[in-house]
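S.K.: Following the hints, position chain B against chain A.
Taken in order, these protein sequences are the chains called A and B. Mapping of the first sequence onto our numbering: position 88 corresponds to residue 88, and the numbering continues sequentially without gaps. Mapping of the second sequence onto our numbering: position 86 corresponds to residue 86, and the numbering continues sequentially without gaps.
Note that these hints are calculated values from the structure, not bench results. Take these hints with a grain of salt, some might be off.
[As the list claims (entries may be wrong)] Taking lysine-lysine and the BS3-like style, the derived pairs with C-alpha atoms no more than 25 Å apart in a straight line are:
1. A:Lys-9 <-> A:Lys-67
2. A:Lys-22 <-> A:Lys-36
3. A:Lys-52 <-> A:Lys-36
4. A:Lys-36 <-> B:Lys-68
5. B:Lys-49 <-> B:Lys-68
6. B:Lys-49 <-> A:Lys-44
7. A:Lys-22 <-> A:Lys-71
8. A:Lys-41 <-> B:Lys-49
9. A:Lys-52 <-> A:Lys-40
[To be verified] What follows is a set of in silico ranges between Cβ atoms, one per label pair, in the way DEER data are often shown:
10. A:Lys-9 <-> B:Leu-20: 28 to 38 Å
11. A:Ile-55 <-> B:Leu-18: 33 to 43 Å
12. B:Glu-15 <-> A:Asp-70: 26 to 36 Å
13. B:Leu-18 <-> A:Ala-96: 35 to 45 Å
14. B:Leu-46 <-> A:Phe-42: 31 to 41 Å
15. B:Pro-30 <-> A:Asn-17: 40 to 50 Å
C-beta: ideal position from N, C-alpha, C; glycine also.
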Amino acid sequence: DTAVSQTPKYLVTQMGNDKSIKCEQNLGHDTMYWYKQDSKKFLKIMFSYNNKELIINETVPNRFSPKSPDKAHLNLHINSLELGDSAVYFCASSQADRNTEAFFGQGTRLTVV
Amino acid sequence: AQSVTQLGSHVSVSEGALVLLRCNYSSSVPPYLFWYVQYPNQGLQLLLKYTSAATLVKGINGFEAEFKKSETSFHLTKPSAHMSDAAEYFCAVRDTGFQKLVFGTGTRLLVSP
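So that you can see chain A by itself, here it is in the shape it has in the complex:
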């Protein structure tokens, strides 16, 4: 049973399009995240939600809009895609305690052409 699942795994799209990535966790966690991994493997936090409330928004262009319909889901919608948006996007979840780890999904490889 997959703990954190995100779809799709691969996404190839043209510049200017709008796309969404979905994420679901079945661990009962209260916090969910979106991370971006660039071509050099660097991982950077984009957003974090705690109990459906946005708590972290790390200077991400407003073309990126997260939505959390409930504690178990966190979706990422991207408008007007640009070449520089090509990356691997990871969803993760955790409990809101400092000593707990985050569990990651398998990632969505987004390629903008």
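M.R.: The following block gives chain B in isolation, referenced to the frame of chain A:
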């Protein structure tokens, strides 16, 4: 703000040799530290975590890490490398206040026969 530095973007070892991956942290409070592994085209998997209970932490797949406050280090070791250990390894620290994980730049472990 908390941060981690991983020395060496690539580490090469022979099968059966000692693995040592370096991580130094910067934190104004006692840190919570994590090591994750990422196999090709997969998400991040937790190897081990330090939460102040013990300075020597044992993880999965024979890995362990020692927390040294005097050196602000949390290096990852494995006595004998296997070919299957070839992957990207990330050190991370829990950021105070916002609860996000802040990652190092990663170290690619290469294992040769």
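S.K.: May I ask you to test the hint 28 to 38 Å on the CB atoms belonging to Lys-9 (chain A) and Leu-20 (chain B)?
M.R.: Hint holds: Cβ distance 33 Å, inside 28 to 38 Å.
S.K.: Going straight from one Cα to the other, do Lys-22 (chain A) and Lys-36 (chain A) come out at no more than 25 Å?
M.R.: 14 Å, holds
S.K.: Within 25 Å, alpha carbon to alpha carbon, are Lys-9 (chain A) and Lys-67 (chain A)?
M.R.: Roughly 19 Å between the alpha carbons, so the hint for Lys-9 (chain A) and Lys-67 (chain A) holds.
S.K.: Does the Cβ pair Ile-55 (chain A), Leu-18 (chain B) satisfy 33 to 43 Å?
M.R.: Given range 33 to 43 Å: holds, Cβ gap about 41 Å.
S.K.: Does Lys-49 (chain B) lie within 25 Å of Lys-41 (chain A) when you go C-alpha to C-alpha?
M.R.: 21 Å, holds
S.K.: Does the structure keep Lys-49 (chain B) and Lys-68 (chain B) at a Cα separation of 25 Å or less?
M.R.: Since the Cα atoms of Lys-49 (chain B) and Lys-68 (chain B) sit roughly 14 Å apart, the hinted pair holds (cutoff 25 Å).
S.K.: Assess, step by step, whether the Cα of Lys-22 (chain A) is no farther than 25 Å from the Cα of Lys-71 (chain A), and give holds or violated.
M.R.: 13 Å, holds
S.K.: Evaluate the given range 31 to 41 Å for the C-beta pair formed by Leu-46 (chain B) and Phe-42 (chain A).
M.R.: 19 Å, violated
S.K.: Quick check: does the Cβ-Cβ distance between Pro-30 (chain B) and Asn-17 (chain A) fall within 40 to 50 Å?
M.R.: With a Cβ separation near 46 Å, Pro-30 (chain B) and Asn-17 (chain A) satisfy 40 to 50 Å, so the hint holds.
S.K.: A range of 35 to 45 Å was offered for this pair. Does it hold for the Cβ distance of Leu-18 (chain B) and Ala-96 (chain A)?
M.R.: 37 Å, holds
S.K.: Taking only the CA atoms, is the gap from Lys-52 (chain A) to Lys-40 (chain A) under or equal to 25 Å?
M.R.: Violated, because 31 Å separates the two Cα atoms, which is more than 25 Å.
S.K.: CA of Lys-36 (chain A) to CA of Lys-68 (chain B), is that 25 Å or under?
M.R.: 30 Å, violated
When held up to the earlier numbered hints, the structure conflicts with 4, 9, 12, 14 and fits the remainder.
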